[in-house]
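**Student:** Listed below are the residues making up each chain.
2 protein chains.
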Amino acid sequence: MLPVTFNDVAAAARRVAPHVHRTPVLRSRRLNDILGADIFLKCENLQRIGAFKARGAHNAVLALTDEQAARGVVTHSSGNHAAALSLAAATRGIRADIVMPENAPRAKVESVRRLGGQITMCEPTIAAREAAAAAIVASTGGTLVHPYDDPHVIAGQGTAAVEFLDECPDLDAITAPVGGGGLMAGTAIAARHICPSIRIVATEPEQADDAWRSWSSGSWTAGDPPNTVADGLRTTIGHNGLPILRALLDDFATVSEASIVEAMRLVWETTKLVIEPSSAVPVAALLERKGGMQGKRVGVILTGGNVDLDKLPWQ
Amino acid sequence: MLPVTFNDVAAAARRVAPHVHRTPVLRSRRLNDILGADIFLKCENLQRIGAFKARGAHNAVLALTDEQAARGVVTHSSGNHAAALSLAAATRGIRADIVMPENAPRAKVESVRRLGGQITMCEPTIAAREAAAAAIVASTGGTLVHPYDDPHVIAGQGTAAVEFLDECPDLDAITAPVGGGGLMAGTAIAARHICPSIRIVATEPEQADDAWRSWSSGSWTAGDPPNTVADGLRTTIGHNGLPILRALLDDFATVSEASIVEAMRLVWETTKLVIEPSSAVPVAALLERKGGMQGKRVGVILTGGNVDLDKLPWQ
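Sequences listed follow chains H and A, in order.
0 is the number of the first residue of the first sequence in numbering that gives the first Met the number 0; add one for each residue after it.
0 is the number of the first residue of the second sequence in numbering that gives the first Met the number 0; add one for each residue after it.
Derived from the structure by calculation, the hints contain no laboratory data.
Predicted model only: the values in this text are computed from it and were never measured.
Any given hint could be a false lead.
The list makes no distinction among identical chains, and a pair is therefore deemed to hold if it is satisfied within one copy or across any two copies.
What the hints assert, rightly or not - Dumping the calculated DMTMM-like pairs for lysine to aspartate or glutamate here, alpha-carbon to alpha-carbon at most 25 angstroms:
hint : residue 1 : residue 2
1    : Lys289    : Asp307
2    : Lys107    : Asp32
3    : Lys295    : Asp250
4    : Lys107    : Asp250
5    : Lys310    : Asp230
6    : Lys289    : Glu66
7    : Lys310    : Glu268
8    : Lys310    : Asp249
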């Protein structure tokens, strides 16, 4: 029995629908020509807070009992989950405590503040972040919402694939990037249930291939320290996500840093969409002709669009 | 009697519908907060060839008789119209001769070549461009399709507003930028017919305000040489476009270069859409609180997304 089932994803889809965008699916003839496949782009970069993370955070917050909700939610994150949880808490009218490292990008800090999150700064180490979050939980009794390994978060991230396959029921393959594995696990659960024969392909930077190593070997490994431009994928595969990927993936492609940057720029140029480097990872797999997707109708989840416009990776 | 009527726009809408995208209308809560209005973005940056120009070019090419079509089409352009006319000619299976200045950006030249346009290079002066195009017309008998003052082009550009007001029938105002005036004229004709009471607002860079001067004074003037980051708007208002703007506009706002760059970046950040500087001009008017659009439901036509990603204006 996997830690998240399709029923969980279906419940999440009903729960989050009033609060998140049903994002558009876009296409580009020129992108198809270059990638050698018929590409459908699910634009989670156009999601609220600019990333799919709004889905999992809303599901986790909306699934709380009233009693739990009254005590608020807590997380530690320097990325999109921090903004997503702040937004979801505001949706329910409850408190969100966000532990952020002192070196978090200013734009991310401002985004959390704008959305009403209560920020606690800490030293930029995992140990300091976890200790600060634990201290808040001990004092408020709030619920810790893990950025990617919480089962409600995994189920919530799967709602993008539910919408995707509702709009494009005849995809041959579906692909997304893996960081902590929440999106990929939720996607795999939804896609395997809705389209049992669909090819499900995970993608990851070679320079942050802990999930690929864990998936290949069958046992959890943190791998080498990640060193990738895809800042959203520097996390380590979660213990709930891994068994789901082991059970449901057809293939797992890793890609070079050069391909990620090339794919990111290619998407900007051909589709006029701002995507962050993490979003470009499955496109890079198509560029590298990995994952067995050539000539197929391929659904790609573009995960987010939160980039520093002063520091683009091709400059 | 204006040189283009709503019947022309309606005919264009039927003609181009199978060949151009019905582009999405997107929104952003944060953009609304900053601009102080309820903004609807018609995403012509997601149009084929990355700009609304695909509409006018298709209408002009598809309106040719078979006899005219057999002799091909001709234009001179260093911008989006060159790619648009190449694409439209390919759609009909006819020849397109494109005169381009030797200093045209390489990406634009490659785009025309990829779409099958026959390129003739010339010196980078208007006189040389017109002479080269005239020579081709004399030799092939092809039809010259002017980038913005051709009545079929004006009618074709108006089809974006037809779709826009079909999807968002209760807009209070609609706004677009003015370069040669083809889009603004077509938009005004469509909007005034479909929503007689809608507020129609033209926008232009202060540093390229020939259309504003002509509109204000009532007589055509080329103004000072344009000097704006909005490269799509460096053209001069057309003789067919001007009387349409004089007859139908409610207001005409000009904006600073600083506002254009700020608005462009704001749209990238809040909507995750790549827009070119010209697209940012109506957004800049909203930033500057010009045009009488505060607190209203405002439709903005985002005209295109073809930018040089190596040279962004805020860098």
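**Student:** Hint numbers the structure violates, sorted upward?
**Tutor:** Hints 1, 4, 6 and 8 are the ones this structure does not satisfy, whereas the remaining hints hold.
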